[in-house]
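Trainee: The chain contents come next:
There are 2 protein chains.
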Amino acid sequence: MNILVTLNTNYIKPLRVMLWSLFFNNPDQHFNIYLLHSSMTDEDIDGLYLYISQYGHKLFTTRVQAGDFDDAPLALHYSKEMYYRLLAYKFLSVDMDRILYLDPDILIINPIRELYDTQLVNHLYAAAYHNAISVKEINRFRLRAYEMEEYYNSGVLLMNLALQRKKIIEKDIYLYIDRYRNRLLLPDQDILNALYSKDIIRIDEFKYNYDTRYYHYTKLISNGIMDMEYVMHNSAILHFCGKKKPWKDHYSGVFYSLYKHYEMLASRNGFHSV
Amino acid sequence: MNILVTLNTNYIKPLRVMLWSLFFNNPDQHFNIYLLHSSMTDEDIDGLYLYISQYGHKLFTTRVQAGDFDDAPLALHYSKEMYYRLLAYKFLSVDMDRILYLDPDILIINPIRELYDTQLVNHLYAAAYHNAISVKEINRFRLRAYEMEEYYNSGVLLMNLALQRKKIIEKDIYLYIDRYRNRLLLPDQDILNALYSKDIIRIDEFKYNYDTRYYHYTKLISNGIMDMEYVMHNSAILHFCGKKKPWKDHYSGVFYSLYKHYEMLASRNGFHSV
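Chains as they are written, first to last, in our numbering: chain A, 16 to 289; chain B, 16 to 289.
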């Protein structure tokens with residue numbers, strides 16, 4: 016499977032935890048990890064390369080150059096890294112048809128092969144729609160994108176690269192940012208939704224992009240069906256959305272002990288098999 | 016390492032989870048699991064045998080017979096299984112010097128070799144002292160055992176079998192029960208403390224018998240040092256003490272997600288190694 020990650024140095028530790036959980040819970044899969052970055056040091060990259068190799072997987076890195084987004088508008092509150100996810104197809108081999116983007120604030124706790132094999136047909140992306148009504152309404156207003164049907168979370172994003180090369184036009188993205196730059200809160204996610212929501216095929220959010228903040232709420236509205244037992248057996252991707260992150264002090268979410276245990280496991284060398 | 020477990024059919028599932036966590040987090044160790052029981056079916060035993068064998072470890076079972084405790088007094092509120100832990104030496108090979116008893120309501124999250132190799136010298140047991148003052152005072156009064164110095168938890172108990180064969184007299188235990196039968200709440204633990212507390216060497220409770228109920232309290236009294244990061248790296252044995260158990264519905268402790276994840280992993284076949 017091809018996995019895309021885009022990050023800066025601050026996220027290396029969570030990235031390792033995410034990758035460890037991915038490898039551990041998908042033992043019969045081979046992964047090619049593609050890292051798009053601009054600020055990572057050679058030392059960081061070498062460390063990551065060794066880390067990934069020891070589990071039998073491959074790392075490919077691309078340092079995005081200053082000139083790569085020459086036409087991009089400047090906006091104070093976000094960096095060029097925001098474009099990486101949307102324009103990844105520019106930096107990947109033209110032979111590659113499909114890649115799965117994953118945020119680093121994620122734990123993979125079950126197999127994801129089925130997600131990876133999702134039929135994309137004539138869709139640009141597959142993503143999960145975070146189904147909180149308030150979020151939807153707020154975003155609809157904020158973005159003034161009346162054509163927008165859904166609000167997709169861009170943390171887990173299966174990409175139809177072949178189609179993106181044909182349909183995504185860099186200039187459209189820049190024009191959109193220029194017009195709405197004061198209203199964009201989560202730039203790449205907002206753009207994804209405003210420009211491409213009709214081209215996104217929806218995946219099960221509870222299975223592949225479980226928002227860990229809403230465990231109690233989700234359990235409640237499902238009449239208790241989506242309890243911890245259910246999540247552990249049915250969710251493949253836990254997404255630690257929001258500002259509070261489980262690798263920081265004073266976090267106290269429901270999945271804290273699980274995350275910290277994975278963090279410890281990822282810091283051990285290798286898997287512990289018999 | 017020799018591991019002792021004593022249980023009835025109701026605890027088979029937690030036992031599997033405990034064993035999975037033991038094997039997974041002690042990958043370079045070989046385990047001989049000794050099971051003392053009286054009520055398990057052949058089917059249960061066969062299933063457990065296969066389960067343990069697939070990880071390369073061994074299971075030995077002993078069905079305790081009705082006549083094995085003929086001199087024991089009858090007491091309404093506890094079964095004969097309460098004696099198994101205290102009189103295990105009777106049922107194990109005379110060649111065996113040492114065994115580690117483990118409760119099934121436990122998760123092993125780090126190596127335990129150091130615990131197993133604890134110098135016992137002239138002590139009968141090694142155990143952790145659960146250091147809540149109120150518990151200590153209550154128990155001291157309840158048991159009328161004024162010579163009792165500490166209140167040890169019997170859920171993790173390293174046994175000096177060679178010395179036990181010489182020093183533990185079955186009759187003493189029966190006499191004690193006969194005298195205090197109305198005051199015993201946790202029979203085997205109470206007897207252990209009342210009769211043998213002077214013969215117990217103390218092990219680090221936070222390392223080898225971490226009471227999961229007191230995470231917040233422990234963090235508080237340690238000025239934040241014993242936070243989740245600390246527990247994950249320093250505790251080897253998490254003990255889900257108390258009536259509320261993480262395999263039951265509506266449990267909500269701090270280590271719930273971790274336990275349920277291990278439960279799921281234990282239900283998969285084999286380890287997922289690369």
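Quick caveat, the hints were computed from the structure, so don't treat them as lab data.
Source: prediction; values computed, not measured.
Watch out, some of these pointers could steer you wrong.
The list makes no distinction among identical chains, and a pair is therefore deemed to hold if it is satisfied within one copy or across any two copies.
[As the list claims (entries may be wrong)] Once the Cα atoms are required to be at most 30 Å apart in a straight line, the calculated DSBU-like pairs of lysine-lysine come out as:
| # | residue 1 | residue 2 |
| --- | --- | --- |
| 1 | K181 | K234 |
| 2 | K181 | K28 |
| 3 | K260 | K234 |
| 4 | K182 | K258 |
| 5 | K258 | K234 |
| 6 | K73 | K186 |
| 7 | K263 | K186 |
| 8 | K105 | K181 |
| 9 | K222 | K260 |
| 10 | K234 | K259 |
| 11 | K186 | K259 |
| 12 | K181 | K259 |
| 13 | K260 | K28 |
| 14 | K234 | K263 |
Trainee: So which of the earlier hints does this model not fit?
Mentor: Checked against the structure, the hints that fail are numbers 1, 2, 4, 6, 7, 11 and 12, while the rest are satisfied.
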